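> The lines below spell out each chain.
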Amino acid sequence: MQKEAVIREPLILGHKTYHDITEDVCRPIEDKAPKMWYILFGIALIIGLYGVGCILYLLGTGVGVWGLNKTIGWAWDITNFVWWVGIGHAGTLISAVLLLFRQKWRMAINRSAEAMTIFAVFMAGLFPLIHMGRLWVGYWVLPLPNQFGSLWVNFNSPLLWDVFAISTYLSVSVVFWYIGLIPDFATIRDRAKKPLSKKMYSILSFGWSGRAKNWNRFEMVSLVLAGLATPLVFSVHSIVSFDFATSIVPGWHTTIFPPYFVAGAVFSGFAMVQTLLLIMRKAMSLEAYIHTKHIEYMNIVIMVTGSIVGTAYITELFISWYSGVEYEAYAFLNRATGPYWWAYWSMMTCNVLSPQLMWFRKLRRSLLFTFFISIIVNIGMWFERYVIIVTSLHRDYLPSAWSMHYPSHIDIGVYIGTIGLFFVFFLLFARFFPVLALNEVKTILKGSGQSYKESPDYHKHH
Amino acid sequence: MGMTKKYWKGLEELKETPAFIKSKDQEFPNQQAIEEFLGDDSLNESSTTRRDFLKFLGFSVAAATIASCEAPVTKAVPYVVKPENVTPGMPTWYASTYYDGCSYTSIKVKTREGRPIFISGNKDFGFTNGGVNPQIIASVLGLYDSERLAEPTIDGVSKSWSSVDSAVSSAIKSAKKVVLLSNTIISPSLTRAISEMELSMNAQSPSKFEHIQYDAISYAAMREANLKNWGAAIIPSYDFSKAKTIVSIDADFLATWLLPTEFAGQYGQTRNPDNKWMSKHFHFESVMSVSGSNADGRGMIKPSEQASVLAYLIKGMGGSTSVSSNLNPGAELIAARALKALKFSKKESLVVCGANNVGLQLLTNKLNYILRAYGTTIDANNPIQLYKSEDEKVQKFVSNVIAGKGPDVLLVLGANPVYSLPNGVEFGKALKNIKTRVSFASHMDETASLCNYTCSDHHALEAWNDYIAKSSEYAIAQPTIRPLHNTASALESILVWSGKATRGGKDSAVAYDYIKNTFQGLFPLGDFAFTTHNSCAALSVMPAALTFQDAAISSLPQAGDLEVVFYQKTAIGTGLNAGNPWLQEMPDPMTKVTWDNYITMNPLDMEKGGFVTTYDQEHGLNLATVTVNGTSLTLPVYPLPGQTLNTVGVALGYGRGGNGEKIGKAAYQTKEYGGYDLSENGNSKPIGANAFPCVSFENGTYQYYGSGKLSKVDGTYIIAATQIHHTVMGRHSIVRETTLDIFSNKDKEAYNPSFTLQRLNKEGHHEDAPLAEFDLWDAHPVEKIGHRWGMTIDLSSCIGCGSCLIACQSENNVPVVGKDEVRRGREMHWLRIDRYFASDEEATVGLRKDKETFSYDKAELAAENPKVVHMPMMCHHCNHAPCETVCPVLATTHSNEGLNQMTYNRCIGTRYCANNCPYKVRRFNWFNYPSYKKFTEVNPAQDDLGRMVLNPDVTVRSRGVMEKCSFCVQRIQSTKLVAKKELRPIIDGEFATACSDSCPTNAIIVGDWNDVNSKIYSSSNEKRSYQALEEVGIKPNMWYKVKVRNEENALLDDLQVVKKKAHHGEKKAHH
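So the sequences go chain by chain: A and B.
For the first sequence, position 289 matches number 289 in the numbering used here, and the numbering has no gaps at all.
For the second sequence, position 735 matches number 735 in the numbering used here, and the numbering has no gaps at all.
Just chain A, with the same shape it has in the complex (with noise of 0.2 Å):
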């Protein structure tokens, strides 16, 4: 038992004991979903097969379904993937490198944020897939062996790093998700009545017995995992980042990318955890466990990244006037001034105004603002991307081959489809699986609960 002063702030509020924890996770699991769920659901996968319909329609007529044209190769299909894949990007930091870092807050919204971060990394990576001309021949960015004489993959794309960089992401958080489901599904089928759930819970659970042997290596898997993905949080967005860094695109060749991505990455995906926790908290009754403590500290990433991303952004402004580089120097006067001025300054509003206002400890303890702030860094973020990757392509280095993008209804129609079918995976894990790491919260209930806290008995006994 980890001894904790008793000036911090407690983690769990109320008077939970252990039952009590139990409880509050599993009851929306066992009890009839409310109506609520019903309706968000349907939403949501409404608008998800509306996006599944236009990837349909694109597969089948073809990428000029888009609005791209020949200045401009990518636009919303990679501004929304990396969009994604930042967004992916809290779940594994706050389960991996807050585990190394020994940050006990973590364990009441690693569970939902790694829920969060694979379904994020899902429609992630549907963009590079369905953005390929020819989708059917995609398996050829895997060096596999093969019969077609000696042809190989390069391994000088940045594009075939992503291919590596982003699957390892992916296997790496899904292994570590699921691990830490473990002993949550046993206690989920110790519980179950019905046959069927029993069974299914059983199935999932990998016969957990809840020794301590099984939890000696619980606890080892986890904190090797935890090791194993943490490289891996840096490693992802900074090879997204060479994408464009590697290139010679003015805008795009730039060093500063990969701190800059991760960092922006970490702040997109901080932000999501936000709006989805600030719901679900309300929703499934856990106000104890995730509370204003919580919505502070992510609060606190949240400033600190923000400014680093602000920081970039200037940096890079500074750069591109300094390095004398004629084109450089107007890609970036171009974004500031030019016709796509609107986005550069919505994403400079969204993404350093607006964390900086966290500063103020009533802000970023008031879960309101918070909220608004939340979706406000995401929208910032997508126009990040949107800025990067669509006006440094849109006014390069031939002004005959200038260009403009306007995106056609099928590109709003997968990106809102994304969003959909996100939001259908995270209401199917909020409804089956455990949304609080169950057990894990009950190792800090009497180093972290209030009434141990506030218990005359505390100083006493500890």
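Since the hints were derived computationally from the structure, they do not count as laboratory data.
One thing to keep in mind: the hints can contain errors.
From chain B, some residues computed to sit far from chain A (all C-beta separations above 12 Å) [as the list claims (entries may be wrong)]:
id, residue
1, 52
2, 609
3, 699
4, 984
Just the calculated beta-carbon pair ranges, DEER-fashion [to be verified]:
id, chain 1, residue 1, chain 2, residue 2, range
5, B, 620, A, 227, 56 to 62 Å
6, B, 855, A, 345, 17 to 23 Å
7, B, 769, A, 228, 44 to 50 Å
Quick caveat, the model's predicted, so the values are computed rather than measured.
Ideal Cβ positions, reconstructed from N, Cα and C, are used throughout, including at glycine.
Got chain A; can you put chain B on it based on the hints?
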């Protein structure tokens, strides 16, 4: 048993027929010595060998090739007997001649398995020296137009030739008056046939037959003026190659005026600053034309000021005229410079005027006479035979028809008066009063659809023809394919109707015999087969004693508040090829707009009038109605810098086929998801609007200028342009331009500075080092090993005509994507021509006036009368290609000959390569162009007949793959194979890409850069050579050569001085 078993190969052997016994010991039956066979001269003479093999081809090839572009091949039929000079996979070339009533040139036609697939200029024979224009190259597609009339018709119903013949013959016989309305006929055979017809008819009753020549664009004023000045209604020859000073008054002689196929090449010869002298070209015009954009000095004038320019020059040269020489200050400055140059070059000058106005042509003649240009640059003894339109006769005839006093029989040959006459609609309505109306048109066009008989002529590539375009040359056009349809030569029809011949059917030799006969008349000792092989023969010209006589000047264009100019666009011209999708999709050299015509207006005027001056795929241009001569046209207003203030221009040749005529699948507006856009009357909407009704008939000629009114109309109209940004933003590493003075007197650094970077030397000081020394990558092993293909493009001689673009499209099966896709920035052209206007921030295109005060905002706007650079742009085949490194599947790789190769089969379509290409020359197949419904109307590859034009050596790309210029790798390979078979190295100049092959000014040079004796090697090492975007470090295999303008540019001279000073300053600072 076994011993007696008899084996036999055929029944002949079993039965031991006498024939078998005879041939048993001969391994090769019926042997004929090849020498004996080839030596048979009668074979050369006869047409049957050709016809025989064409017979075989016509039968089998169509089916075989139509299907050959798609897998699986389902219709392949192998040759049963191989035609003698056709080897599958090997092209056969035929020399021929092209004439369509406007363009004329000597051509070579490339046929594959009997199909003509490519037209290039004939550089060996003919006075045009291989000059071509986009319309000529694109005409090969017209052969496979599935909407061509396939059979003769009576009242729109297909009938046999015999029934048409008997009906027309009897109508002619019983008629009181027969009129043949044709475009200018330059065929001696056809002229002979027509005069025979005339003779026989006039024998029945005098003046029963009348032949009127009528061209959509008339040059009657030139002939009239020459009649007055020289006593002969001729158009003399012009030789631009001898002109040290060229003054053009609204004559777009490089693209549309008179004989651009010849003039462009001549002009190109004088534009090389490396030669002893370079011409000075002054241009005065209202609408910025291709020629005007190439001028060394360009004056913006109204049409009504043309006379003043001429008068100014005449007076300046010491002549006298009563015409006022008052000019606007800008134009006067240019005119003064022109005068200075004319005084210097005297008889080595040439003044041309494009106006169809007798007064202006008289002034032009006078000026040329004062300059003594006759005899040096102008040759009246060898007149041009084109454009013999008789405006007055036409006008009289037309008003007679409209008044109901028309002939009984009207034959229309090569003309489309219902479309191109100012009062064509009225004329069309009145046509029904003529009892027998016969059209020779290839399509159910505006006139043919109002005729009761159509007797469709062959396509030019299917027919025998002969031409005298200039008195000094007789040219032959030979068929390159058996007629695809049941059409007949017009020559034959005329002979049949005048009882001189009988129908010969599909393999008719009537025209052939007749032409041969004409030939023998002209050249009693000539060898017809030999002349056919060369396509032409020289005719001797008689020098005529002509004396100049001054004539009174009258009827000059009148000034108006708003003067409107009706001009021709390079691609569409008079609208003859409006159904040709290649030409419709060819970006206009000046505006870069495709698939439309519009009102051109100076952006300054537009701002005053409240018109938007920028546009893109979603933001259209304002509409306006221009009214001239009571005819109103509502069109979008396009911001064209260099347009004279208070003038507007409208292109002719648009608005064709709006009344349900069938003039080609691609001639109409299409909808976003395919299918035709319909107009209110339920017919397919034509492209653009017809401006011919605005043309007026004044003082005996058709005037292509008018005074009018313009009013803004609500609404906008989206246009499809391939370039929506018009300046180069002062980027000197893309475009380099200088003056002849600086080029001749200063060292290379002054106008073509090499790019250096700074590095630290051993002593720790900064020093400049050439770019080549900074390299992250290993070099490709292409230097000094094997071939390394390279190209140079001379920006000085490139005139921006667009021939290369169409040649590339034809050679490389580039799909046509239609207006909606071009609007979205998805045209597929492998080669484009970038057109940059100078801004007020630049001293020349690409060179900033002042680096400190340079404003990007202002640099986005073209100057009022900007300098222009045309810059062909295609794959640079970089040795450090940025596209190659980023492809995840190695679909684009570098060949060991320096080529950047695209492997379509391997491409998965990530488009990363296109993003990373600094030249933006990669083209993505957004859709399945050969089958997606959106492109049915526009893409010839979706038409069973149209796809016969596809080059079988080049893959038709499928959806989802990237494509780009391959340096015509199929041509490289075949050149290499030919050389290999002959056990010799490739000869320099043996290989040409489609673009370099078709360039009328020879601006493009290709070759093996590793061959140090090659033209390309020396060209790339010249002082003017530079590589665009060199500092990016991609090491292209392509060089541009600095554009040199023969002008005085004080600004540029000053800049040189300032730069030198600054440079010295820098050096001091380092040490």
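> Against the structure shown, which of the earlier numbered hints fail to hold, in ascending order?
Every hint satisfied by this model.
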